[in-house]
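Asks: Listed here are the chains, written in short residue letters.
2 protein chains.
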Amino acid sequence: MSTITVPSSVPHVTEDVEQLRKAFTGWGTNEKLIIDILAHRNAAQRKVIRETYAGTYGEDLLQSLQKELSNDFERAVLLWTMDPAERDAFLINEATKRFTSSNQVILEIASTRSSHDLLLAKQAYHARFKKSIEEDVAHHTNGDFRKLLVPLVSTYRYEGPEVNMTLAKSEAKILHHNISEKTYNHDDVIRILMTRSKAQLNATLNHYNNEFGNAINKDLKADPKDDFLSAVRNTIKCLTSPEKYFEKMLRMAINKTGTDEWALTRVVTTRAEVDMKSIKDEYYKRNSVPLDKAIAKDTGGDYETMLLALIGHGDA
Amino acid sequence: MSTITVPSSVPHVTEDVEQLRKAFTGWGTNEKLIIDILAHRNAAQRKVIRETYAGTYGEDLLQSLQKELSNDFERAVLLWTMDPAERDAFLINEATKRFTSSNQVILEIASTRSSHDLLLAKQAYHARFKKSIEEDVAHHTNGDFRKLLVPLVSTYRYEGPEVNMTLAKSEAKILHHNISEKTYNHDDVIRILMTRSKAQLNATLNHYNNEFGNAINKDLKADPKDDFLSAVRNTIKCLTSPEKYFEKMLRMAINKTGTDEWALTRVVTTRAEVDMKSIKDEYYKRNSVPLDKAIAKDTGGDYETMLLALIGHGDA
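So the sequences go chain by chain: L and V. Using UniProt numbering, the letters of the first sequence correspond one by one to residues 1 to 316. Using UniProt numbering, the letters of the second sequence correspond one by one to residues 1 to 316.
These aren't lab readings, by the way, just hints derived from the structure by calculation. One should not assume that every hint holds.
As the list claims (entries may be wrong) - Pairs of lysine-lysine, DSSO-like flavour, derived with a Cα cap of 27 Å:
{"no.": "1", "chain 1": "V", "residue 1": "Lys218", "chain 2": "V", "residue 2": "Lys237"}
{"no.": "2", "chain 1": "L", "residue 1": "Lys173", "chain 2": "V", "residue 2": "Lys130"}
{"no.": "3", "chain 1": "L", "residue 1": "Lys169", "chain 2": "V", "residue 2": "Lys130"}
{"no.": "4", "chain 1": "L", "residue 1": "Lys198", "chain 2": "V", "residue 2": "Lys169"}
{"no.": "5", "chain 1": "L", "residue 1": "Lys277", "chain 2": "L", "residue 2": "Lys297"}
{"no.": "6", "chain 1": "L", "residue 1": "Lys130", "chain 2": "V", "residue 2": "Lys22"}
{"no.": "7", "chain 1": "L", "residue 1": "Lys147", "chain 2": "V", "residue 2": "Lys97"}
{"no.": "8", "chain 1": "V", "residue 1": "Lys297", "chain 2": "L", "residue 2": "Lys147"}
{"no.": "9", "chain 1": "V", "residue 1": "Lys285", "chain 2": "L", "residue 2": "Lys147"}
{"no.": "10", "chain 1": "L", "residue 1": "Lys147", "chain 2": "V", "residue 2": "Lys237"}
{"no.": "11", "chain 1": "V", "residue 1": "Lys130", "chain 2": "L", "residue 2": "Lys237"}
{"no.": "12", "chain 1": "V", "residue 1": "Lys173", "chain 2": "L", "residue 2": "Lys237"}
{"no.": "13", "chain 1": "L", "residue 1": "Lys147", "chain 2": "V", "residue 2": "Lys198"}
{"no.": "14", "chain 1": "V", "residue 1": "Lys198", "chain 2": "L", "residue 2": "Lys97"}
{"no.": "15", "chain 1": "V", "residue 1": "Lys97", "chain 2": "L", "residue 2": "Lys173"}
{"no.": "16", "chain 1": "L", "residue 1": "Lys173", "chain 2": "V", "residue 2": "Lys147"}
{"no.": "17", "chain 1": "L", "residue 1": "Lys130", "chain 2": "V", "residue 2": "Lys147"}
{"no.": "18", "chain 1": "L", "residue 1": "Lys198", "chain 2": "V", "residue 2": "Lys147"}
{"no.": "19", "chain 1": "L", "residue 1": "Lys97", "chain 2": "V", "residue 2": "Lys97"}
{"no.": "20", "chain 1": "L", "residue 1": "Lys198", "chain 2": "V", "residue 2": "Lys97"}
{"no.": "21", "chain 1": "L", "residue 1": "Lys173", "chain 2": "L", "residue 2": "Lys147"}
{"no.": "22", "chain 1": "L", "residue 1": "Lys147", "chain 2": "L", "residue 2": "Lys221"}
{"no.": "23", "chain 1": "V", "residue 1": "Lys173", "chain 2": "L", "residue 2": "Lys130"}
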């Protein structure tokens with residue numbers, strides 16, 4: 001569930017656009033006005049605002065924002081203003097140009113989006129970068145990470161609720177066998193995780209837990225320093241309990257000495273309209289501190305105001 | 001270009017449906033009438049016919065046809081009547097249940113369809129089989145074939161005309177290096193063939209030819225009995241010259257002792273509305289016999305009449 005609040009009577013789009021333009025001109029930038037408008041409009045409304053702005057002033061709203069804003073606040077507003085599919089495409093492209101640690105971002109987007117949303121991101125990627133997510137991710141990675149990430153961004157997973165219990169049992173056994181043998185990168189492990197529907201995978205992992213006594217992610221902790229193992233664990237978490245995965249991302253971003261704004265901004269802007277409500281519940285359960293308090297303590301200024309507006313300040 | 005002929009004034013759909021029903025009832029089946037209607041309606045028209053038929057008689061037209069027809073003629077009419085995306089889904093599903101020789105069908109469909117058409121086939125597969133093409137293909141294959149076929153059915157390729165010449169040169173070198181070393185199944189070979197756009201791949205392979213003196217498929221003929229090498233060659237042919245690939249399929253199906261009706265029917269029904277015109281031109285160039293003559297010589301009865309109607313008899 002979404003955590004943003006949209007006023008019960010939203011001003012006409014031309015008024016929003018004029019107010020935004022006003023916020024950019026004159027003495028300094030009116031950051032508060034920008035937040036008041038953009039943080040309180042849903043994706044469809046922001047899309048119309050951006051189109052009307054471009055039609056009226058002959059400039060992409062993202063460019064105007066980029067000129068006026070800076071640092072973490074700029075990144076938060078820009079990511080938020082983008083269309084969700086365009087934002088995913090942008091984040092993946094950015095990740096393919098950075099260090100391998102950014103594989104995490106690719107993994108997260110590919111495995112937490114629905115098949116349809118991932119398809120929209122692929123189409124946005126074609127339109128904007130004139131190439132495919134698949135080729136850039138394949139080019140950016142190698143070895144086991146390529147073996148994991150390329151199918152992950154490629155597969156168009158089935159999303160129905162049907163579960164084949166015979167298959168779940170046989171594949172739980174295959175997973176357990178390979179984990180016991182420490183052949184974590186075995187073709188069959190990759191195949192099962194990368195192609196089965198989330199419902200089917202869930203049945204397989206439940207059976208794994210019942211039959212072999214441990215949750216699979218516990219068995220995959222054999223070597224906590226192994227980056228590939230950690231990627232496999234994260235993939236499983238993203239596929240089966242995305243809100244727990246995102247809670248952990250937020251917790252790690254906030255608890256880190258110096259706060260990881262890059263991750264914090266990404267999680268807040270990409271989840272606010274999707275499942276931030278559940279993520280906040282998870283966060284409170286795990287940390288005994290409401291997420292808004294934790295963010296307020298670690299951030300400041302317009303950046304703080306923007307994030308709190310997106311996660312729904314005060315109603316944690 | 002399509003080779004079917006649609007009458008300039010098509011009867012109203014209710015009339016088509018009544019005529020079809022008439023063809024099924026009474027003394028024997030009126031095969032000629034079935035061909036006269038179905039082989040001369042395009043995909044959109046057949047779709048409406050099928051919907052109207054189901055609405056009127058409470059039975060799927062495919063089921064009625066299945067009851068009335070038999071053998072090669074039955075298969076040709078059924079495949080033709082299906083919606084193209086449903087047909088691709090059906091053929092892939094059928095292939096995943098047969099011997100590994102049917103890998104050819106999966107390879108052919110995945111690499112000759114546009115990204116959008118392959119996506120439609122994936123959606124049709126979800127709807128009909130309650131699972132994904134990716135999981136069934138991955139489950140059906142192993143080793144090098146899995147390494148080739150799973151990304152092939154998964155990738156959502158970019159389809160724009162843009163070509164990066166620097167990339168083409170560096171990737172031609174990577175391909176040549178691996179072919180010289182006989183590491184045909186190298187990750188990078190698979191990555192390049194499976195993820196690059198068709199335009200980019202074409203530039204890479206042209207550069208390969210110019211720089212290293214041979215077309216890549218010639219260099220890939222090192223061992224003509226190696227099934228994997230043959231699959232790689234077919235993939236390249238499908239991606240870069242589909243009409244040449246289909247010409248060869250037809251030639252082999254027709255020249256085989258006993259005719260391979262399974263392949264013949266598939267190629268004719270899947271390409272009639274797409275590029276059969278170019279395939280016929282290729283066929284005549286390569287065999288000095290028009291395709292319709294060759295088919296007429298090798299087939300007979302209603303099956304022959306149906307195929308000839310689809311490839312446009314007499315205008316080769």
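Asks: Hints first: check each against the structure and report whether it holds.
Replies: To see whether the hints hold, each was checked on the structure:
1. V:Lys218 - V:Lys237: 12 Å, holds
2. L:Lys173 - V:Lys130: 23 Å, holds
3. L:Lys169 - V:Lys130: Cα-Cα ~19 Å, so holds.
4. L:Lys198 - V:Lys169: Cα-Cα ~40 Å, so violated.
5. L:Lys277 - L:Lys297: Status holds; Cα separation ~20 Å.
6. L:Lys130 - V:Lys22: 53 Å, violated
7. L:Lys147 - V:Lys97: With Cα atoms ~26 Å apart, Lys147 (chain L) and Lys97 (chain V) stay inside 27 Å; holds.
8. V:Lys297 - L:Lys147: It is violated: about 49 Å lies between the C-alpha atoms, which goes past 27 Å.
9. V:Lys285 - L:Lys147: Outside the cut-off at roughly 43 Å; violated.
10. L:Lys147 - V:Lys237: Roughly 25 Å between the alpha carbons, so the hint for Lys147 (chain L) and Lys237 (chain V) holds.
11. V:Lys130 - L:Lys237: 24 Å, holds
12. V:Lys173 - L:Lys237: 39 Å, violated
13. L:Lys147 - V:Lys198: Answer holds: Lys147 (chain L) to Lys198 (chain V) is near 22 Å, not above 27 Å.
14. V:Lys198 - L:Lys97: 23 Å, holds
15. V:Lys97 - L:Lys173: 23 Å, holds
16. L:Lys173 - V:Lys147: 22 Å, holds
17. L:Lys130 - V:Lys147: 26 Å, holds
18. L:Lys198 - V:Lys147: 22 Å, holds
19. L:Lys97 - V:Lys97: Given that 27 Å is the threshold and the Cα spacing comes to 41 Å, the pair is violated.
20. L:Lys198 - V:Lys97: 23 Å, holds
21. L:Lys173 - L:Lys147: Holds, at roughly 21 Å.
22. L:Lys147 - L:Lys221: The hint holds at about 20 Å.
23. V:Lys173 - L:Lys130: 23 Å, holds
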